[in-house]
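Visitor: Those protein sequences? They're chains Z and L, same order as listed. The first sequence begins at 1 in my numbering and counts up by one. The second sequence begins at 1 in my numbering and counts up by one.
If you are wondering where the hints come from, they were derived from the structure by calculation, not from laboratory data. Any given hint could be a false lead.
Derived Cβ-Cβ restraints for the label pairs, each shown as a range [unchecked claim]: (1) Z:200 to L:17: 34 to 42 Å; (2) Z:64 to L:290: 37 to 45 Å; (3) Z:22 to L:17: 48 to 56 Å; (4) Z:75 to L:290: 44 to 52 Å; (5) L:290 to Z:170: 35 to 43 Å; (6) Z:12 to L:4: 27 to 35 Å; (7) L:351 to Z:75: 49 to 57 Å; (8) L:4 to Z:18: 36 to 44 Å; (9) Z:73 to L:377: 39 to 47 Å.
None of these values were measured; they are calculated from a predicted model. The C-beta atom is built at its ideal place from N, Cα and C for all residues, glycine as well.
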Amino acid sequence: MIKVTDLKKTYPGKVPVHALKGVSFEIPSGQFVAIMGPSGSGKSTLLHQLALLDKPTSGQILLDGIDISGLSQGKATDFRLRYLGYVFQEYALIPELNAIENAFLPLMLLGMNRKEFIRVSTELMGRVGLVDRLHHLISELSGGEQQRVAIARALVNKSKILFADEPCANLDTENKGIVLRLLRKLCNDLGQTILMVTHEPEQREFADRVLWFRDGRLVKEEYIGKDVQEDAIHNGYRTDVSSSEK
Amino acid sequence: MWNDLQAALFLFYKYVTRGNKGTSVLTVLVATLAFLQINLISGIFSGALGLIYDQTKNNYVGNIVVQPGKDQWGNKEEYIKQVTELKRKINAIPGIIGCSSRYTIGSVIEYHPDKTGKDIRTVSWPVKSIDPEDEKRISGLHNNMLAGQYLDESDRDQIVMGREISGGYGASLEVQSLKGINIGDEVTIFYHNGTTRKYTLKGIYATAFPLADMNAFVTQKEMESVLGMRDRASEIIIRTDDAYPEAYYIQELRKAGVELPDIRPWQDFIGLVLGLAQTFDIIKRIVLFIGLVVAGVTIFIVIFIATISRKKQIGIMKAIGMKEGIIVASYIMLSLFYAVVGIGIGLAVLEFVATPYFIAHPLDFPVGKTSLLIVRGEVATSIICMLAVSIIAGFIPSWRVSRENIIKAIWG
Ligand SMILES: Nc1ncnc2c1ncn2[C@@H]1O[C@H](COP(=O)(O)OP(=O)(O)O)[C@@H](O)[C@H]1O
Ligand SMILES: [Mg+2]
Numbered sequence: 001m002i003k004v005t006d007l008k009k010t011y012p013g014k015v016p017v018h019a020l021k022g023v024s025f026e027i028p029s030g031q032f033v034a035i036m037g038p039s040g041s042g043k044s045t046l047l048h049q050l051a052l053l054d055k056p057t058s059g060q061i062l063l064d065g066i067d068i069s070g071l072s073q074g075k076a077t078d079f080r081l082r083y084l085g086y087v088f089q090e091y092a093l094i095p096e097l098n099a100i101e102n103a104f105l106p107l108m109l110l111g112m113n114r115k116e117f118i119r120v121s122t123e124l125m126g127r128v129g130l131v132d133r134l135h136h137l138i139s140e141l142s143g144g145e146q147q148r149v150a151i152a153r154a155l156v157n158k159s160k161i162l163f164a165d166e167p168c169a170n171l172d173t174e175n176k177g178i179v180l181r182l183l184r185k186l187c188n189d190l191g192q193t194i195l196m197v198t199h200e201p202e203q204r205e206f207a208d209r210v211l212w213f214r215d216g217r218l219v220k221e222e223y224i225g226k227d228v229q230e231d232a233i234h235n236g237y238r239t240d241v242s243s244s245e246k
Numbered sequence: 001m002w003n004d005l006q007a008a009l010f011l012f013y014k015y016v017t018r019g020n021k022g023t024s025v026l027t028v029l030v031a032t033l034a035f036l037q038i039n040l041i042s043g044i045f046s047g048a049l050g051l052i053y054d055q056t057k058n059n060y061v062g063n064i065v066v067q068p069g070k071d072q073w074g075n076k077e078e079y080i081k082q083v084t085e086l087k088r089k090i091n092a093i094p095g096i097i098g099c100s101s102r103y104t105i106g107s108v109i110e111y112h113p114d115k116t117g118k119d120i121r122t123v124s125w126p127v128k129s130i131d132p133e134d135e136k137r138i139s140g141l142h143n144n145m146l147a148g149q150y151l152d153e154s155d156r157d158q159i160v161m162g163r164e165i166s167g168g169y170g171a172s173l174e175v176q177s178l179k180g181i182n183i184g185d186e187v188t189i190f191y192h193n194g195t196t197r198k199y200t201l202k203g204i205y206a207t208a209f210p211l212a213d214m215n216a217f218v219t220q221k222e223m224e225s226v227l228g229m230r231d232r233a234s235e236i237i238i239r240t241d242d243a244y245p246e247a248y249y250i251q252e253l254r255k256a257g258v259e260l261p262d263i264r265p266w267q268d269f270i271g272l273v274l275g276l277a278q279t280f281d282i283i284k285r286i287v288l289f290i291g292l293v294v295a296g297v298t299i300f301i302v303i304f305i306a307t308i309s310r311k312k313q314i315g316i317m318k319a320i321g322m323k324e325g326i327i328v329a330s331y332i333m334l335s336l337f338y339a340v341v342g343i344g345i346g347l348a349v350l351e352f353v354a355t356p357y358f359i360a361h362p363l364d365f366p367v368g369k370t371s372l373l374i375v376r377g378e379v380a381t382s383i384i385c386m387l388a389v390s391i392i393a394g395f396i397p398s399w400r401v402s403r404e405n406i407i408k409a410i411w412g
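Let's have the full structure, built from the sequences with the hints guiding it.
Guide: So, in structure tokens, the structure goes:
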């Protein structure tokens, strides 16, 4: 569970930028939340604060009851490793490692033994549909495949929360569909809490709930109806015949 | 901690096996060259110095020189006394190969190249005496005859000269020289004690050490008759097996009862050469420094470029929960790897290429031919320094980049 209270973030500088101007919301576990809003509205900033990549100027963030704003840098690193997963927009994999090595890296950092982390990461690679790509180098994978490896890496430590900042921005239609359906499925099957930033309105239909941002404020909340979600899962970002008929 | 090390090792291993091979090869090559230039130059200098030292010991003053000490009133004695007894004590010490006593007396050597008496060449120089058999055990004199023969025990009217005294035969200094005397020619020696004797030149010798070639020798028997004394000596030259430093043998000599005379190691007689050795040491240190800077800067640049160009990736690794220490450690391992492989190849080249090459093609020094003298301690020092430098060269850039704020590192 995520509880955010009056969260503010100001980037200092000659002209300080008030990227978040007091944001409050709660997200229960197992919810897939889309964060929408125009460019510059503070979506990424919000994600950075929640994922402990940056320190908020004021306000409180509770993750499962833990006040994360008080964590030291070392504790924050450990917290990210143990409880959080983050999917970046692009180029977020380590090119010297192959697909499975990228995926199991967090488990290695956690000190899991080799046999066990190979087993766990292979299973997850199966879940993201890449069992036949385990030993491919990153440069040999398509953008969509890379993003799925990144999702596997983000979830391999059984993350409590998966953050994804525009994970589909650089993907073609087909791969967008694959990744969004995968995220939806992970939420359904594993009860994975997901916070995904996007600026394409169609993508929000895969989520349970949408938080709309504008100018550093949460301006609107929206719940996606089951029928809309079902329709998105079946027809969204289809490049085959069935979607063109629609 | 162990996890962290394992993760760092894993990353390092992947950098090497999946990273740019060309960069690795070139970096290792620079490390190898730096290591080689340090140790080749060191080895050549050590070889040259070793040669000079060997020449000094073989042909000049042995390992240890015993000279007359002070008498009971504190005056310097002219001769060492009871030499036979002293030599017996010296020879009884384990590790001492032999000793040879010599008389030295000032003299003027006169040579008439023709019978007309117009061309008279003189040299003012001390003449020394040797026991030819004893001398064989402590110096290379008998092996260094350029012309004629070495002295026999029973010779009385025969003399042997170094080429710097005789002149000719490629002598280089000729400060005090007869300017070309031939074997069989006669010289007259006016000893400072008033005795005058005639000698036939029996042999001319040359070492690679000009100072050692500025000597004229007669036999001990002859000299004792000139001086009218027995069982004394101006100096005793001692050779050891070189197993211990001279100081150790000097201590043993004292213990064995060689009390009165003055005992000094060979180093005391070659101040000039030791000055040269100090100069060599300074040059060696400069070369070591330059080599370390070259290797260090190269590795630094390679790691610097690697980390700067992976800035975003390093930010991402931190974002997924990797400690900075792991990232830094992986790059230190990488730079250590460059150094270790470079050193390894360098050692192999030194051992299997350079050393055999210089043995086959020795360098020609004024004091003789020398190959490399690889001093283990110096090689070890260069290895330790290179490893230390490579750790620093790996640490600084990776630490600077990995310390950077995650947001800045990833999104610029
Ligand atoms: N590191 C930063 N330093 C200064 N200003 C920043 C920084 N990151 C973002 N901003 C500013 O904060 C505002 C919100 O940015 P961001 O959260 O990236 O928006 P979004 O992701 O919704 O496009 C923008 O005006 C942006 O220019
Ligand atoms: Mg953004």
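Visitor: Quick check: which numbered hints come out false for this structure?
Guide: As far as the earlier hints go, 2, 5 are violated by this structure, in ascending order.
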